[in-house]
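If you read the protein sequences in the order shown, they are chains F and S.
Taking the working numbering, the leading residue of the first sequence gets 49, the next gets one more, and so forth.
Taking the working numbering, the leading residue of the second sequence gets 49, the next gets one more, and so forth.
Hints in this document: simulated from the structure, not taken from any laboratory.
Please read all numbers here as calculations on a predicted model, not as lab measurements.
Accuracy of the hints is not assured; some may be wrong.
One copy or any two copies: either way a pair holds, since identical chains are not told apart in the list.
Derived lysine to aspartate or glutamate pairs resembling DMTMM-like cross-links, with alpha carbons at most 25 Å apart [unchecked claim]:
#1 K358 to D348
#2 K217 to D333
#3 K51 to E126
#4 K358 to E107
Number of protein chains: 2
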Amino acid sequence: MKKPDLHTVAVIGTGVIGRSWMAVFARSGRRVRVFDTDPAQVAAALAWFRADLKRQRREGLLKKKAAAAQWELVEAVESLAEAVAGAGYVQESGPERLDLKQALYRDLDEAAHPAAILGSSTSALDMTEIARGLAGAGRCLVVHPTNPPHVVPATEILGGAETSPAVVKRTTRFMKDLGQVPILMNRYVPGFVFNRMQAALVREAVDLVRSGVCDVQAVDDSIRSGLGLRWALMGPFGCANTNADGGVRDYFTRFGSSYQSLWDDLKTDLRFDPELIERIGRQTDRVLPAPLEAQRVWRDRLVLEIRRLKAGNPLDSGRGKRKR
Amino acid sequence: MKKPDLHTVAVIGTGVIGRSWMAVFARSGRRVRVFDTDPAQVAAALAWFRADLKRQRREGLLKKKAAAAQWELVEAVESLAEAVAGAGYVQESGPERLDLKQALYRDLDEAAHPAAILGSSTSALDMTEIARGLAGAGRCLVVHPTNPPHVVPATEILGGAETSPAVVKRTTRFMKDLGQVPILMNRYVPGFVFNRMQAALVREAVDLVRSGVCDVQAVDDSIRSGLGLRWALMGPFGCANTNADGGVRDYFTRFGSSYQSLWDDLKTDLRFDPELIERIGRQTDRVLPAPLEAQRVWRDRLVLEIRRLKAGNPLDSGRGKRKR
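Next up, chain F with everything else stripped away, as it sits in the complex:
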């Protein structure tokens, strides 16, 4: 077997996440071999990809030739072995069950060239567990995208106990080359980084509605016409840094005790029940009446426009050259 490189990748599992990875890889000119145990799933993913390319052409975002070139790069194959043959990177997006992931990784580790990297889209599992006992545990790591990765670029990267630091480094560089933004983690925690922060915010959002302080519309408006407008541009530390004249140290020194008082006031033992979910549902229906699909399409298109607005960000210049 010839040593593979990162010009050929395999996409294993072609649900909503896998098919979006397919688009990420093809967009950056990689050959993509696609496999799923369910052939109907593969057909659906290819149909989605084709429709997405058409939409981009229609909106003038992609030339005919470029769209055709991307389409040409993607090949559906009949077996896992065919998918990984020649691939330098494998993106696995299978079901989120430890036993199934372990079985899949045993197969991948056997079939893939020893130099290939095996990345998992898992949002919850620990690579230490998934790759336990594998000869190739050193080349296995979590590469968890925000959904969908072809729109939202943040991608969490985390090795297991056996993962080689060189593999983490190569994968980080590879993700940057693809236009993704790697979020490097040092150790496993449930929910990783952004789902933990999302959970923290959602807990308070749900509690504000539950306790009747305000309704769904007020919560959502306060984010999308308030905090979210900043968070599209700066994270919480960047915001803290710019919200006090002396920067982030000044900010947390001045406002640390206010934060602590608020923290102590937030409800932490919140639980969902059907009545609460129904109340949220009714309030959401009132403010978001459009079909879900129209909302998704609008969101994805606007996210890409915001990313274009940000592309010339002078504040990124000190952070190393990122290819986007």
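Assemble the complex: chain F is given as a structure, and chain S must be docked to it using the hints.
Below, chain S without anything else, positioned relative to chain F:
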């Protein structure tokens, strides 16, 4: 005294928040009478406003005539009584101390026409306490902006125990007319709505750095290249609604228990200490080396561009006509 209307407003207190309110009012064609007990503060606010108008002209966002018209609308006066004379709405942005606010509201309630609305920019105090015992407690309410209100439109609105519902309604409509997005609260809670959600997210952000799971850059990237890109467009309920095929009920029914497990794993007794703040400071310095002012200017400019991108949002059509 002739009954005042909302074409003339008073800005009391001209710090960073007060001066930004000045810009909001002048932009929408209101006459603005400005007062601060510190004349130097007023001079600084006017200089800031003039510079901001010049910047907008330079960037082609404002014609010469329109800039001059806005400038003409603002008048610095020598006393609180002069400021509120003829004003149908008063925006108070004084120091955040209950005793000072109470004294200021006694003066405002005496000086302002009985039909004038007295809104406070307080981010923490309860209007029930501020207006206790005032003859005009019915026309007093919290109108707390996101900072700065001329850039970020979300504005929390909350009456005290004595506040007239009609005053809340008129103020809500007035804020919409100004282009702000009213966040209606039903009752007082510390931190109101968006500071509580911000506190919840910041607690987890700080804890991820404290515990060494990842660094400041990873946290900030996961927001600004991840969750924040969505939150600029949709709040947490809008995101939940579009992230499951059956909408928000389906989402929380399916993922409720995952959220609950994560909630139970989040640290809640977090405390700042100088070592932790310094660690955050060092990591922030590495990723955000540009001068703070350049970061702020970039952020404010981009927030306005994102708002322009969103202005034609078809999903807002069902939500009543908002003048922006």
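Hint check results:
1. K358 to D348: Answer is both; intra-copy 15 Å and inter-copy 12 Å each pass.
2. K217 to D333: Between. Shortest inter-copy distance 23 Å satisfies the 25 Å Cα cut-off; intra-copy 45 Å does not.
3. K51 to E126: within (22 Å within a copy, 80 Å between copies)
4. K358 to E107: both (20 Å within a copy, 17 Å between copies)
Taken one by one, the earlier hints all hold for this structure without exception.
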